[in-house]
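> Single-letter residue listing:
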Amino acid sequence: MLHMFKWKTDEFSWVDFTIDVLRILIVLAIVVGSWNTLSEGRISFAQWVNLFIAGLSQGSIYALIALGYTLVYGILLMINFAHGEVFMAGAFSTVFLAEALNRTGFLNQSPVLAILLMILFAGLVSMTVAILLERIAYRPLRGSPRLVPLITAIGASFFLQYTFRGLYGSGFKAYPQVKILQGALQIGSINIPTVQIFVFVSALVLMFGLYWLVERSRIGKAMRAVSENKEVARLMGIDIDWVILFTFGVGGFLAGSAGVINGMFRPQGVNFFMGFIPGIKAFTAAVLGGIGNIPGAMLGGLFLGVIEAIGPNLVLAGLGIPGANQLKDVIAFTMLVLVLIFRPQGILGERLSEKKA
Amino acid sequence: MDLSQSRTRQAIITLGLLSGALILFTGAVGMIAAFHEREVVNDFITLGQLVLLITPFIFGYTAANRLGMTGESPTSVIGGGIIIGLLTTLPTTLLLLFNSDEFRFLLDWSLRLAPFVVATAIAWRLHRQNVETFTLIGSWLLAAVLIGIVTFSLALIFEVKGELRSVLVNINRDWVEVVTFDNRKDLMRGIFVFSLASAVAGFVGSLCYYVPRTPRRAMFYGLSVTLLVGAFGETVRLVLQENLERDTLNQLFRRDTLRQNAALGLLVVSTVIGYLWAAFGDRARQGFQNLGGQQRQTTQMIGTVLFVAVLLMLPWLIGRTLSDVAVTIGLFVLMGLGLNIAIGLAGLLDLGYVTNYAVGAYILAVMTSIGPLGLMKGTFSFWMVIPIALLAAMFAGFIFAVPVLRMRGDYLAIATLGFGEIIGKLAISDWLKPLIGGAQGVQAIPKPIFLGTELRNPEQLYYIVLVACLVTLFVSIRLNNSRTGRQWMAIREDEDVATAMGIDTARAKLLAFTLSAATGGVAGAIFAAKVGSVFPNSFTVFISINVLSLIIVGGIASNPGIVVGAVVLIGLPELLREFSDFRFLLYGALLIMMMINRPQGLIPTKIVTHEMRAGVKAKVAAGD
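Sequence order for the protein chains is A and B.
To convert, note that position 354 of the first sequence is 354 in our numbering; the numbers rise steadily by one, no gaps.
Heads up, our numbering is the position in the second sequence plus 1000, with the first residue counted as 1.
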């Protein structure tokens, strides 16, 4: 029982003190902000529900990207900083396919098939990018000091951004509208846009697909083995290089399909820089759920999406900050920093935290 | 001929296709067409054509070196060079054919056949690994279906969109014009000329292997000097303008490009100098080594004095436009030296350095501005605010450092990146608009006044930057050898061991962040005074990436490396406008290549080189 009181006997630490003050300030800000907003009652219940659902659908995109971070981290213990660009590659390339499908009329004749084709195409494009990235940039650096692959990944991120800018141009390109995704579902006083339902459902399907792959299939078993212990996995006859390549490929596929799904409800269109911010946010989601942990990444993504949608209206508006929705990204990045300070092992906890920390 | 040997053949094909991929890539992202705008030698060769020719040349030479070392016969070495030249053109030629009207069917057919061919190739490889028949058929089917989806989609896109150009924006007329050497109308002729030129370049490259060492070095030296002077014709002309008669200048240059005679003359002269250097340079260096300690010190002293003198005279030597570039380079040297304290000395990868730059700039802007947002309305001068900006940046560095002290390397990088983004979003937000102007920024910042003269020209601002850089350089050299510096290096190498040695790591890290922030603040303040206004979109993640890249490329923890890195990475894109569009593309490629091939940087320090090697050794030992 004594260890519970250890902090009293410990030396006084300024760092701990500052971090504690920070913790109290943040809790205070959240409580005061929420109290103000709720007591004023500016936003109705239906609007809160709408925000929540919009957050969920945005969050499911983050979750899909976050899975790529988590998969790679689980196996290589490296942050694939360029993963946001893998997401962009699929979304940006598939715009042309979507336009072509739209012009032939196929997109509105049989939308399910057309969207399926788009998701597959984007997934495969992103998969190719991710695999090339691993093969060319990361493989030669395996086992070098931790910062070396991270710097490489930062380089790769900017290299990919400007490569795609060179290939497809720097302007925004919007996905064509799909008719069946236009409407909204009416439940009582709550209005849910169909696109959001589509995003959420397709993301869920992909996530369950991945869960099945990792937990049930043969290659999934190999992936888990490699993430547990590379050397022993090698002794068991697992081709580690192939498993790592496969992991990058799967992560890339999910990111690419997330790109298409995201593109469908981005009114401003897609461009070469679209992956950077979602990339960092998805990393936040992965850390939030416990990096290296697959259900964690899904949960973290959804959680981040919801916080990002509700946070500005609940807390910041309550504190009297004008234009609170402009500060959406600030909320997300503050989340990132807070999680890294207070709970780096994430909500669900890192499975192998001791070994990997 | 030993070309029949599979190993030789494989080396040649790999290098050739690599070179071809490079040409295809640079073409597809628009580099070649953009570089074509710049003539290296008047009416003779452009930068774009130079890229087309120098690539097979370099790859031919590399292949010849590699093959020659393994004792291949001259015929196969030179034959290899020619083959590499031809292979270089292969991908681009295919794309040219796909892009033309007559051979468009080739694209359609290759998209139709690709799934079967590639799937069969994959299955063949698996077959050679003795995979079961069932798996073999399964993987063939899977590969064919997946590739089929991609090629079907591509075919659909190109069918509906028509020209390739409507998807790949840089596969356009300009590009065709350059790669066919101005034979756009007659494609076959163009492809022939292109292949011939490339094959000759590869041939010459491989031939260079047989030239004895000294003349070869002289030749390479002469060529690179001439081509560099040609490529930077505009800059060279600007420099000469300050020091030469107009008529003489016009004999050397036609507008901004080197005349053919001048280029030839320069080639001869620089080759001769190169020859002398190659022949006697080693002896001269030897002589310097043999000098007594006293004499050597004197020589070094003279060198330093000369260097400082040149730095002091620089604005007169290079004129206004280039002084402006020099100021920008100086600001980045300043930031590089600052960030180097965190990244280089203490090993803390700080990706939010732009925060300090922004704090410095906004502090100066708000304190001195005579516009509506100015707080002091002219009571504070530039000189009084500089220390305030420095302290404010240090304070910001301190504040942002406290939460990240406990984080480990890669998390710290992402968290600091998050800080940078937060600052950017706050600067542009409505919330802080009454204070710092939101998207409109702060305007009407007066120029610094020194002894009654207003420093409004870059030539004058240059001295402020120079003094700041020299002071920072001095501090950073002293820090390098100080007790604190050693503590930082210990932390960089192994934090746990450093703690065990009794180093207060939290204190040392805080100090590193705080000190490194200081120069960022000064750089930001000078930047704000130079531009005269401050906008939030000047403070993006790209600033941090710029500074990071110049440190990595120059050499981690190496002061001369940072200066060189800043000159190369900041100066080049400023001087070569064609370059600046591809700035971050090249930075990214450079970061990757440096990390793979030369993680210690261009001008490394001994300690870092040793550490990086140790990393490699550990890797080998771990069997990874």
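There could be a bad hint or two in this list.
Said to hold, decoys possible - What the simulated footprint calls covered on chain B by chain A, stretch by stretch (three residues with Cβ under 8 Å from a Cβ of chain A suffice, anywhere in the stretch; the number is not a length):
{"#": "1", "region": "1025 to 1032"}
{"#": "2", "region": "1154 to 1165"}
{"#": "3", "region": "1397 to 1406"}
{"#": "4", "region": "1409 to 1422"}
{"#": "5", "region": "1467 to 1473"}
Think of the hints as simulated: they come from the structure by calculation, not from any bench.
Beta carbons: idealized from backbone N, C-alpha and C, even for Gly.
> None of the hints should be skipped; say for each whether it holds.
Structure-based check of each hint:
no., hint, result
1, 1025 to 1032, "holds (count 5)"
2, 1154 to 1165, "holds (count 5)"
3, 1397 to 1406, "holds (count 5)"
4, 1409 to 1422, "holds (count 11)"
5, 1467 to 1473, "violated (count 0)"
Violated hint for the displayed structure: number 5, the only one.
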